[in-house]
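**Q** One letter stands for each residue in the lines below.
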Amino acid sequence: MSSASESLRILLVDDHPERIALLEEALSAAGHRVVTTLASGVDLNERVAELAPDVIIIDVDAPERDMLEGMQTLQRKAPRPVVLITRSGDRERIRDALRAGVSAYVVGEPAWERVRTVLNVAIARFEEYRRLERELADARSALAERKFIERAKGIIMQQRKLGEEAAYHAMRKMAMDRNIRMSELARAIIAAADLLA
Amino acid sequence: MSATPAERLDRRVADSDAPELPVVRLGYVPLTDCAPLAVAAELGLGARHGIRIVTQPEPSWATLRDRLLCGEIDAAHCLYGLVYDVQLGLLGVQRDMAILMTLNRNGQAITVDNHLLEQGVRDGESLARWLRRSPPSTWAHTFPTGTHALWLYYWLAAHGIDPLDDVRTLTVPPPQMAARMAQQTMQGYCAGEPWSALGVYTGVGFTIATSQSIWPDHPEKVLACTRAFSERHPQTARALVMTLLEAARHADEPANHEEVARILVNCGYVQANVDQILPRLCGHYHDGRGSRWRDPHPISFHAGGTTNYPYTSDGLWFLSQFHRWGMLPDRIDFEATVQAVNQTAIYGEAASALGIPLPDSPMRSSVLMDGVRWNGDTPRESAEAFPVRARPLPAGHSAPD
Chain U
2 MSSASESLRI
12 LLVDDHPERI
22 ALLEEALSAA
32 GHRVVTTLAS
42 GVDLNERVAE
52 LAPDVIIIDV
62 DAPERDMLEG
72 MQTLQRKAPR
82 PVVLITRSGD
92 RERIRDALRA
102 GVSAYVVGEP
112 AWERVRTVLN
122 VAIARFEEYR
132 RLERELADAR
142 SALAERKFIE
152 RAKGIIMQQR
162 KLGEEAAYHA
172 MRKMAMDRNI
182 RMSELARAII
192 AAADLLA
Chain G
2 MSATPAERLD
12 RRVADSDAPE
22 LPVVRLGYVP
32 LTDCAPLAVA
42 AELGLGARHG
52 IRIVTQPEPS
62 WATLRDRLLC
72 GEIDAAHCLY
82 GLVYDVQLGL
92 LGVQRDMAIL
102 MTLNRNGQAI
112 TVDNHLLEQG
122 VRDGESLARW
132 LRRSPPSTWA
142 HTFPTGTHAL
152 WLYYWLAAHG
162 IDPLDDVRTL
172 TVPPPQMAAR
182 MAQQTMQGYC
192 AGEPWSALGV
202 YTGVGFTIAT
212 SQSIWPDHPE
222 KVLACTRAFS
232 ERHPQTARAL
242 VMTLLEAARH
252 ADEPANHEEV
262 ARILVNCGYV
272 QANVDQILPR
282 LCGHYHDGRG
292 SRWRDPHPIS
302 FHAGGTTNYP
312 YTSDGLWFLS
322 QFHRWGMLPD
332 RIDFEATVQA
342 VNQTAIYGEA
352 ASALGIPLPD
362 SPMRSSVLMD
372 GVRWNGDTPR
382 ESAEAFPVRA
392 RPLPAGHSAP
402 D
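Taken in order, these protein sequences are the chains called U and G.
In terms of this note's numbering, the numbers along the first sequence are unbroken and rise by one, the last being 198.
In terms of this note's numbering, the numbers along the second sequence are unbroken and rise by one, the last being 402.
So that you can see chain G by itself, here it is in the shape it has in the complex (with noise of 0.2 Å):
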């Protein structure tokens, strides 16, 4: 029997709104906040959107980068300033990029070395107080241009140390951040978990402070592809948005939180133990010198879909503090970067179509550590308002462009 005129329309309808794809390979970097992928694919909760999702580890984000470049894996886990820094070329690869949405809140952290207990440290005061009467030291993060290199600056600046002149700043490979510290070649990281916690848990060091201290509820880790792939796919795109809000929902309910940490180590996303991953993903710290707290901003995967959606001012803050550190050419248009990289359209589609609210404006505002407002007004001027940042160039001198 041929179908109705009806029929076939209803069927043409349906056939456009399915994923161009069947397989979407996504990439991440072993980190408890990988959690939304790792949920998605282990629990195959990219069949109810037509869409199988492929997971592969990725050892370090500039191999997670190329792979996404030349299309070995379509989308990723990616730092939130690795996007913008890969947009604008910062690193020298420029790429036209999206951002699909954000996966997580919070859950990061600085560990220092035991050894400056000894010395007098034990917060950011203490710290600026022995840093002046030592020789020089050395502060580790994940990548240049990454939200950990930009949390550890904005906690040295707040407590008037300039993380450009007053000390030595490298990056390093998270897993390996603990035991450098204890061979005593550096003295503070700044890194995601399990990583920090681990520094904590093996004695070496101890948390002086959590990037949520930093900023309450700041932006992380985002799913990332290239622009290319998101307007090729835009079926696939918002399929792969859509299970991934719904994994995301399921890893921020604290009842699942220890499935959560189970899948992370039993199906190899991270090389840890459970017991090293469970205590701070449900917000339970202890800072490795008697303080134990419940944590009011743990690390969050979904919140109602507060936390995913890819806010303008988000995207801003990360292209004003790239300002603040002199990592821009000049003549960058703040707001049509983010505006182009932020598919808040894709995500809204997404959104609506699980029944997730969106906020009522793509800007959201924050006090930050030193009392600064960000609501993305003024990127620019914020920037240059800091009593810490990069030394303006002398007239006559220009930033690359």
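Next comes chain U alone, as it looks inside the complex (with noise of 0.2 Å):
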């Protein structure tokens, strides 16, 4: 059995690189032992066996969850989920745990103060990483509409012979007059020009 002070030897069982790169990260400097990171569609049966772990952080996504669950018939030291060794006011925890797409075993007994900030640090990170995610998402869509925009210039430009500058007032203004955005009418633009091309 570990004792709080001691570091904890984890596992992370994740298919998204970037996502894992920081929680192992994380983990490291808050002392902890990362022993190994595993894609989803391993046999974790004998990876676990081998590797010894006190946690492992799995996706909650990742189907390989049942096969952690069903080592439980197979062995003493086997992983149990964490969601069953909460204590009462730790459920939200394991609530937020879900929602932010973590699940965790333990193996043994760990000190339950330590699983928990190592619970704690993988909340915050699948958080992070999802935060990333949704800007870079967003990024990449106002980089779409720039586009978008740049093309429809060039048709308007092209057909009503117009330089650069009243090409994109006389788009700015048909947007506003119709009440629609920037994008959606270079979108119509493009669209028609499709058409009649």
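FYI, nobody ran anything at the bench for these hints, they're computed from the structure.
Any given hint could turn out to be false.
Non-contacting residues of chain G with respect to chain U, defined by C-beta distances greater than 10 Å in every case (computed) [what the hints assert, rightly or not]:
{"hint": "1", "residue": "GLY93"}
{"hint": "2", "residue": "ASP97"}
{"hint": "3", "residue": "GLU119"}
{"hint": "4", "residue": "ARG233"}
{"hint": "5", "residue": "THR379"}
Short derived list, chain U residues pointing at chain G, Cβ under 10 Å [claimed, not checked]:
{"hint": "6", "residue": "ASP44"}
{"hint": "7", "residue": "ASN46"}
{"hint": "8", "residue": "ALA63"}
{"hint": "9", "residue": "GLU65"}
{"hint": "10", "residue": "ASP67"}
{"hint": "11", "residue": "MET68"}
{"hint": "12", "residue": "GLU70"}
{"hint": "13", "residue": "GLY71"}
{"hint": "14", "residue": "ARG81"}
{"hint": "15", "residue": "PRO82"}
Note that CB positions come from ideal geometry on N, CA and C, so glycine has one too.
Put the two chains together into one complex, using the hints given.
**A** Written out as structure tokens, the structure is:
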């Protein structure tokens, strides 16, 4: 049994390399030892026996969770889902974990306080990853919108023999008159041009 | 104009009957037998009963369980045995649970690696002979306390094979079964459809036994929720059972089977093709080595309600088999456990409101593949009468409690 001051050996199972890197860094900074990181699809039965982790953090959407559950009938020191050892006050925390996409297993009886810090780090990193993903998606769509507007502007310049600035102003006026976004107007112009081409 | 006292009373009675929740969130695992939930949600069958059904896929039984226990979903399509596992805390997680109705009977199978054909394995008997002269083999099921583990154990044991000693068993996610068997890391698996059919259709394995050949008309998936949910929302629970009874009745009609398969595929419930789901849904089997048959006990979702009633004897069978395999702590009151979990009263109200008949008795009688009659009597003694079972612990040791 590990005491509260000892570092925990942690196994990470996740298909997102960026997220796993974020988490590994944060756990190492907190003094834990990430024994290995695995993508889903591996034979967890063998790896868990081999690596002897104290805690397993696994993506809540990994189908391999059931493989971990299945180990309980096979061996005494089997992983047990963290959802079961939560004191009543921690139930909310488990819900946060599920919502963030984190599930966890403990092997043996590591100190609960240490497990909780691991869980908190995992939740925070998973949420951070989700935020980064959202920001990236927003940035991508903003970029895509700008590209549409540029292409539409080119079409207007060519068809109405306008300069760049005049074409842009014509588009902005049209969008304001119709009460639609510039990007929507741009798509409509491109679609119409494609149709007429 | 103000309402008369009688009208006010009417309204109050009507209001008191209304479901407490307008939306019911249901979790399911992608399998052919989640059809009643899919049909209920996609055909909007809850509207007549004052609820809207929203479904969400769950990537594993563990995540389905955790979301149920944390209240992220209200009820779920669930392996029969898993509900009792949580009720008794067999894998450590204990919560009072409720089974609202049985969702289906039959329709699972055991599939064996085609390589074993070359070594003379055709059926249970030849498999038992092969096992005696071969290195240890590996067999997969879908959850340690689930139905597939118990069908696999029962079938192996009926051929004199001890599932705890003579083979290695492990849990594998059903969509990965055929691929793992193709890599020869396991020799056979027991799973639901379409993942059993897929092993055959992709040429990896053959069907050595259907679950209905182990126990004709066995209970399989149930509609489960926590007891706290059904107690806090009795009207919602009843409306949910009524909705799913109508969905199950619809899904059971042979004329609707193609529509059901299309809903499962086109609405994203099961990542497979219609022609991988439809044949076995209709009871058309081929075993992958030349045998074709029309199954006398195909998957059943309703059968006039006999499929759906949460029989006490069905629940007792799972506890009896858990006891057989050494999974139960001592001093479990089998009957009290089943009576607390299987919500026959809620089911009775829902079925009666729809004019669906109730059985005369909460016990039913069946004969399983090994000739053993099961009627729910003496579940503990019946388990101990099997020649193949977990060896009792030596005196002085007790099972965990």
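**Q** Could you tell me which of the numbered hints above are not met by this structure, giving the numbers in increasing order?
**A** Failing hint: just 1.
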